[in-house]
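**Student:** Chain by chain, the residues:
Protein chains: 2
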Amino acid sequence: MRAATFHGPGDIRIEDRPRPELEAPTDAIVRVTHTAVCGSDLWFYRGESDREVGSPVGHEPMGVVEDVGDDVRSVEPGDRVLAPFRISCGYCEFCRKGLHTSCVNGDGWGGENGGGQGEYVRSTHADGTLVRVPDRHADDEDTLRALLPLTDVMGTGHHAAVSAGVEAGSTCVVVGDGAVGLCAVLAARRLGAERIVAVGHHEDRLAVAEEFGATETVAARGDDAIERVRELTYGGANHVVECVGASSSMNAAVAMARPGGTVGYVGVPHGVDDLDLYGMFGDNVALRGGVAPVRAYAEDLMADVLGGTLDPSPIFTHTVDLDGVPEGYRLMDDREAIKVLVKP
Amino acid sequence: MRAATFHGPGDIRIEDRPRPELEAPTDAIVRVTHTAVCGSDLWFYRGESDREVGSPVGHEPMGVVEDVGDDVRSVEPGDRVLAPFRISCGYCEFCRKGLHTSCVNGDGWGGENGGGQGEYVRSTHADGTLVRVPDRHADDEDTLRALLPLTDVMGTGHHAAVSAGVEAGSTCVVVGDGAVGLCAVLAARRLGAERIVAVGHHEDRLAVAEEFGATETVAARGDDAIERVRELTYGGANHVVECVGASSSMNAAVAMARPGGTVGYVGVPHGVDDLDLYGMFGDNVALRGGVAPVRAYAEDLMADVLGGTLDPSPIFTHTVDLDGVPEGYRLMDDREAIKVLVKP
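As they're listed, the protein sequences go chains A and B.
Counting from 369, one number per residue, gives the positions in the first sequence under this note's numbering.
Counting from 369, one number per residue, gives the positions in the second sequence under this note's numbering.
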């Protein structure tokens, strides 16, 4: 099969690789029809994190089940499915409590499972991992584009809003105008937030934020952004959602929180070595969140997508085929695309 | 009046100072009968934080009201009162929500208000700050010794346990065997924790922890302590209470938390520049807490003390008069005393 692989910073290639095969009776093979390039893929692309040369990339697969092991009960060949960015068993302590990212039997995409950006993947623990799309929606392209973000960014934005404690009537600040930040705006609106202040520095993306439900936007950085948010919220918001993971954005989020408030964070911390813990301490600002258990949220979010009340698909500003994946990385890296959809 | 003052690291003196006077109609003057030396006083004592030379010290006053301004409604001369380590108005947004440490009219001990370790203090915002002890208990020495920790360490330990989400049936780990850690054990027991693992490295203090309700103790440091706690809790506790504020103890607390768990922290962060944020992120371990709004907890905790179900007084291993305050600092600094009670 053909799949995107990593060969060094800036060097993504499409190569022939062995097609993943069933090994355990709980495995399923999925032919990937839709997938995406993720902001987190840019770390190895930029050389900011290590990755094995020759390894397959991608972690947001959606497709059609090709084959299943004897013990798989929840899906059958021909079913349309999507899969979160982590594989989870569905029955351990942490899966039962909705923290699938801490699954004690957890597994990931890549290696012999295949990367999401390829023609086929193997899902180990298929019953705990794959989310079946109801047949009546399984071939509607618009629906599939709206469901694809449930593999990662929509669930991640939702986790951020949930972690920040957003609820009906809340005033909420969202830091970051990438795909996750925009999805967090959608999530905050879905949870009933009354005011949603989106903070970023790309006018075009903040326009999407407004389309998604942001009631105010702040196009600024650093102290200017903090000052403007504190003005708008009369001293900070009780719920701040951090969707970047950089030092500056984490500390901005803390500074935008009202005393006693909560920062929900889902941006993987990247070089955050100066978190303003003393400021958090003095103001009793809590920090909650982490890698998002998007599997826990998939059914609820899917119900809303299928019901027509949730549509994150505008984050896909560009669509490529498998050969276009390297260009997709470039578009994301150059911030020309918010998020690139891939159709292998 | 006579009061303890700071003259440089290791140099606490008893000096004559002007007695605080009523200035605002919301002020009260309190003759201090009981107060204490706090672990946080050791920072300036050790030269680890700055403090103005000649400034009066102490922030845990209990005593008898001497005089009140015209607008004070809640106390009268002759009333026995205790006061939290921060002065708060009682009516601003943050006082109303129980976050008195973020009071927008907040004030502190020291300066012209007098330090807690002196003969008199002035409480500004007396109605929002002073907690009146019912007359029938106002002169019982054992009761007063048990109430004095409500000025700081008992409320702080309670805030840690509350912030960590401890509730009936919880398994809870308490990191730190100082006065706050021991009070956190009491607080966890009071909140109904089923298992309380106290972690420290002083056998005598861990013996007090057991007396206070710890079901297990771990006398170890660093990785040994983490490993032992993870064994005892089968992979970490959902509720970890951090009562030190050092880098090592914060990261130990994070490592002792179960995925999805919460670290409640009240140790003022001191040189914490390597918080394991990446570990927190991966395991969705939340960090909640901060400087404790002990005023918010005073009535509830006092009711239990007066009812005989809460007694933190064993933390007072030594008692001194005002002239003994310098020796009290030495006893705390050398870890000979858990906490020193001062009777001016």
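Source of the hints: derived by calculation from the structure; they are not laboratory data.
Check each hint, because a few of them may be wrong.
Since the list gives no way to pick one copy over another, a pair counts as held whenever it fits inside one copy or between any two copies.
With a straight-line cut-off of 20 Å between C-alpha atoms, the simulated SDA-like cross-links for lysine to any residue are [stated by the list, open to error]:
id, residue 1, residue 2
1, Lys711, Glu695
2, Lys711, Glu383
3, Lys465, Met369
4, Lys465, Ala506
On a predicted model such as this, the values are computed, not experimentally measured, just so you know.
**Student:** With reference to the structure, classify each hint as holding or not holding.
**Tutor:** For each hint, the structure was consulted:
For the homomeric pair Lys711 and Glu695, the shortest alpha-carbon distance inside one copy (13 Å) is at most 20 Å, but the shortest distance between copies (75 Å) is not. Taking the shortest Cα distances, Lys711 and Glu383 sit within 20 Å of each other inside one copy (16 Å), while across copies they are farther apart (80 Å). For a Cα distance limit of 20 Å, the shortest separation of Lys465 from Met369 qualifies neither inside one copy, at 37 Å, nor across copies, at 60 Å. Proximity of Lys465 to Ala506 under the C-alpha cut-off of 20 Å is found in neither arrangement, the shortest distances being 29 Å within a copy and 49 Å between copies.
In terms of the numbered hints stated before, the structure departs from hints 3, 4, listed from lowest to highest.
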